[in-house]
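Line order of the protein sequences matches chains A and B.
Taking the numbering used here, the leading residue of the first sequence gets 251, the next gets one more, and so forth.
Taking the numbering used here, the leading residue of the second sequence gets 2, the next gets one more, and so forth.
Quick caveat, the hints were computed from the structure, so don't treat them as lab data.
From a predicted model like this one, the values you see are computed outputs, not experimental measurements.
Quick reminder that beta carbons are idealized off the backbone N, C-alpha and C, glycines included.
Be a bit skeptical, because a hint or two may be false.
A partial selection of chain A residues facing chain B, derived with a Cβ cut-off under 8 Å [unchecked claim]:
| no. | residue |
| --- | --- |
| 1 | H311 |
| 2 | F313 |
| 3 | N314 |
| 4 | Y354 |
| 5 | R355 |
| 6 | S357 |
| 7 | A362 |
| 8 | I364 |
Label pairs and their calculated CB-CB ranges [what the hints assert, rightly or not]:
| no. | chain 1 | residue 1 | chain 2 | residue 2 | range |
| --- | --- | --- | --- | --- | --- |
| 9 | A | A329 | B | P297 | 37 to 47 Å |
| 10 | A | D304 | B | E242 | 35 to 45 Å |
| 11 | A | D450 | B | D65 | 56 to 66 Å |
| 12 | A | Q401 | B | S348 | 37 to 47 Å |
| 13 | B | E283 | A | E273 | 35 to 45 Å |
| 14 | A | G271 | B | A52 | 51 to 61 Å |
| 15 | B | V395 | A | G548 | 30 to 40 Å |
| 16 | B | V176 | A | D304 | 45 to 55 Å |
| 17 | A | D503 | B | D136 | 47 to 57 Å |
| 18 | A | S294 | B | S348 | 24 to 34 Å |
| 19 | A | I456 | B | G351 | 22 to 32 Å |
| 20 | B | V395 | A | A329 | 40 to 50 Å |
| 21 | B | S348 | A | S506 | 35 to 45 Å |
Here are some of the chain B residues that sit facing chain A, going by a computed Cβ distance under 8 Å [as the list claims (entries may be wrong)]:
| no. | residue |
| --- | --- |
| 22 | F286 |
| 23 | E317 |
| 24 | M322 |
| 25 | Q341 |
| 26 | E342 |
| 27 | H345 |
| 28 | E386 |
| 29 | L388 |
| 30 | V395 |
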Amino acid sequence: MVAMSGGVDSSVAAALLCDAGHEVVGVTLRLWGGESDSGCCAVSDVDDARRVADALGIEHHVFNLGDDFNRDVVDPYVADHALGRTPNPCIECNRHIKFTRLRYRASALGFATIATGHHARIVERIDGTRRIARAVDASKDQSYVLHMLDQEQLAGLLLPIGHLTKEDVRERAAAMGLRTADKPDSQDVCFITRERGRDDFLRRRIPLTPGRVVDGTGAELGSVEAVEMVTVGQRKGIATAGGGAPRYAVDVDVASATVTVGSAADLLVDETPVLATTWAAGPVPVGTAIAVQTSAHGATEAAIFDGDAVRWIRPHRRVAPGQAVVFYEGDELIGGATAA
Amino acid sequence: MSSFSGISVAAPIVRAYLDHAASTPIRPEVVEAMLPWLVDHPANPSGSHAAARAARRAVDDARDHVAALAGAKPGEVVFTSGGTEADNLAVDGVVRATGGLPACSAAEHPAVLEPVRDLGGVVVGCDSGGRIDLDALTVALNSLDEIRLVSAMSVNNETGVVTDLDAVAATIAAVGGDSVVLHTDAVQAAAWLDLPASVGAADLVSLTAHKFGGPKGAGALVVRTGVPLAPVLRGGGQEHERRSGTQNVPAIVGLGEASRLLIAERQATVERVTELRDRLEEGLFRLVDGTHRTVPDDTLRTPGVVHLCFAGIQSEELLFMLEREGVAASAAASCASGAQEPSHVLSAMGIDRVTAGGSLRLSLGYASTDADVDHVLTVLPPAVEHLRDHARTVGCK
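Isolated chain B, as found in the complex:
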């Protein structure tokens, strides 16, 4: 871990960071771009003097980069504090503007699932890959005229599985859903997919910077022209009345710079990380008996996630041992207490609790290296073997 400007924070020794799906390391170029806006420029971009106009220009430059990344017009980009706020704004905003109901699948991120449930919306099932069940969606749309928003995540945060949004849009169109808005949480998609092509069918798109080398606390909701959306945060009318509050200029500049870099480098990163992912996955299958890929083999996935279940293993124990060997990884989502919670995604996919209890998510990103893969292949197989041996010899209820 690097430190900036002489500020050094004691960081644990991480030899292989395999939790990019949770957050990626910030890119040095992004930090460079942000620093002047943290240190030198005091102004509020809503002001009218020269310093304010400079801040406004920095925000709008970032807006251009995010628009280019998402395949949107700059005026369609609404800056938020991150993915969760973007998701909440999409669900609440459309429901508030239309008076209708939201719908989503049971494998959505809680930032979508919880608002949908709170608003009395419809939660439909998903397939064994964790994608929204289109037949169930058709039934829901046919039986409930009030549905005005369907939210379908572009890439699942736990499994890396890609949803075909064109197919979701076609399903909505087939039931005559002209007044139904399609939202996609593309937080996990941005680093891997060409967004203009993959999320082009969506009316609303959520993004967050820290999944692709940007800072935490900076995100965006793309709101295509004409989509009905009422604001959730009201106040000074920033972001074209769609998200009030003084813009977080340094964070937005960081998001813009990360977007610019991503557009230039994504294809090369995808190719490189795909090779790493394949080597990691093949290595684990070869070295550890009883390893199961969590999603069906033919499922379209991003290169960012290796999601496996190890028979006879408890995730918390494996993660503890991996941490001791300098591997940062995760199992399912973490709850407020920091405990590993049983995954609602795997449960929605029909995976039983015992199998899910042995799951592990190793997530790669732009910063992943061959050395990371080598290290995991060195330390993970003996860790699994140790835990299984212990279970055999000491016995476990």
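Bound-form chain A, shown alone:
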């Protein structure tokens, strides 16, 4: 069962599985029933997925998992923002919807394996355990958003395009005459419209709190319209008096409606507290040296796993609470967590 978003990656993933002789059924998830002009839930994307499935001669179904999506992705997204955190809804969608709910449904319907068009690979180690490994195309690598997968999930997953560059994917799609060959990548959160943006989305759902901007000494420097919208590390839009050196948000406290700003140096920390840690094949011992990545396309930095925190070898920029903190061993994912 291939999750087909209507994009080129999952189109080619489905095509490769057909070529390999698998019995393939395509499914498109309908997740968000509200306004959308981006992401993966638009009706036109469902049409694209359906037409690609038609061209491949495979069955295509649409599963409406909107209630699950609201409960497990959208509601927590809003609740996290209300607490001044900056969640990553695409990761939560992978965690709860694609690799839990869809996987469950696939198994109920007799499909032991699901496949997606993520740019990442699955590698098997000598002991028989599996890991997510970075995509061949480093610029498109999506291993970061798959950090929550465990052995059971990896055993029932195929990532058919992880060994292809994006260019290869598009070339193959074009060679097969798939209508999605030239389709631009979707990169936005599917339930936030480009036109109205995140502010508007949250404003309709939670009261936003005007807040003070203070420096490390507590001196008031200015104000923000909504503390819930400020992300730790953010520089833009923090109206401060005086000018001078660039200032960054180093702390967001919704309860006291305060954003603390500081210099680039103030943004650096020795450790990042984490919660909800998951492991591909069991935890590493506390004190283990790991490579840690804190943004989707960032580089890894050396750190020590410390149980409820990662201790950085060199001071590291603060990670906004709610963002993913992902653990690698070379090119392979070993686990991940959420910044507390």
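Add chain B to chain A, keeping to what the hints say.
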């Protein structure tokens, strides 16, 4: 599935087609009647030459058949592109002609509900059978003088429940609603009810051919003489200025032929399908624990729909498994993407979302057979059992 004139379209293997409420197979006699008007006759029925007059005659013959089916005068039949257009024309047309407001129940088909909402109309509640709540309607009519149209579907498309239109008309009359027009969407009624009797109280009646063996894209709105109705499609003034646009002659001929056949055969079909429906329903109750009829037991329904909720089941999963076994069925209405949407009808009836999430509509029609029922009774119980077993053993959040 049959093919005509050597044209063969790869069709999925359907062993039991139980989605007649969505669309029925077209009858071979209807295809025969339509073919000359697709192939041999080029003319526009609005023309004045002999070929045009022939097309005009074919359209008017069809009009006679539809009028006979609906219990109307031929001049009261306005051909449309189907049920949705007929419903839109009824709501928009009366509102446009009178300047008033429309009203309907929350369980109406979207083809009524959406125009009513767009026009700022009143949506009243319904009872546990999905019929318009007459007390709520009385309150609405008493509190809003501007209501000029009440739309109440004759038979609900999801549940098959029959609304007593005489009672709706009496409710309107009781509040002195002389200037209120009663519209009924009889799209799901035609195959099962004697329309002259059951929709006689309605001033406007929507019909569509493909629910009773006719082609898709052919429908009608019956507009009783004297009912105020402004056109929505304007242009050449066809259909007595009520629906402009060149008539779709082959489709209208198909609608006429399907109507003619229906008048002759309906009673026999009703009797035969009622037996099939009862056997199917009783069989499922006997073979599948935790099966609930969606509407109260004593509710008057057509024989066309078996609507059930299976505890602990998700409709999409059950439909997927049924499809693999060659059963074509549905749950609620389908949205533009093809996903199953939570049913607004069941929600209006007060059924909670979890129960509604396990709903299944098996809809029968003139083409249904004993073999269809046998097949469903063979494959559905193990499918439900499999899904429940899976939920128990694998666990589901």
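Tested hints:
1. H311: Since chain B brings a Cβ to about 6 Å from A/H311, closer than 8 Å, the hint holds.
2. F313: holds (6 Å)
3. N314: holds (4 Å)
4. Y354: holds (6 Å)
5. R355: The hint holds - A/R355 has a Cβ within 8 Å of chain B, the shortest such distance being about 6 Å.
6. S357: holds (6 Å)
7. A362: violated (12 Å)
8. I364: violated (14 Å)
9. A/A329 - B/P297: 37 to 47 Å: With Cβ atoms ~39 Å apart, the hint holds.
10. A/D304 - B/E242: 35 to 45 Å: holds (43 Å)
11. A/D450 - B/D65: 56 to 66 Å: holds (57 Å)
12. A/Q401 - B/S348: 37 to 47 Å: holds (41 Å)
13. B/E283 - A/E273: 35 to 45 Å: holds (36 Å)
14. A/G271 - B/A52: 51 to 61 Å: Between A/G271 and B/A52, where Cβ atoms are some 57 Å apart, the hint holds.
15. B/V395 - A/G548: 30 to 40 Å: holds (36 Å)
16. B/V176 - A/D304: 45 to 55 Å: Holds, at about 54 Å.
17. A/D503 - B/D136: 47 to 57 Å: The hinted range 47 to 57 Å holds for A/D503 and B/D136, with Cβ atoms some 53 Å apart.
18. A/S294 - B/S348: 24 to 34 Å: holds (27 Å)
19. A/I456 - B/G351: 22 to 32 Å: holds (30 Å)
20. B/V395 - A/A329: 40 to 50 Å: Violated, at about 28 Å.
21. B/S348 - A/S506: 35 to 45 Å: holds (42 Å)
22. F286: violated (24 Å)
23. E317: Because about 6 Å separates B/E317 from the closest Cβ in chain A, which is inside the 8 Å limit, the hint holds.
24. M322: holds (7 Å)
25. Q341: holds (5 Å)
26. E342: With a closest approach of 7 Å, the B/E342 hint holds.
27. H345: Because about 12 Å separates B/H345 from the closest Cβ in chain A, which is outside the 8 Å limit, the hint is violated.
28. E386: With Cβ-Cβ at 12 Å, over 8 Å, it is violated.
29. L388: holds (6 Å)
30. V395: holds (6 Å)
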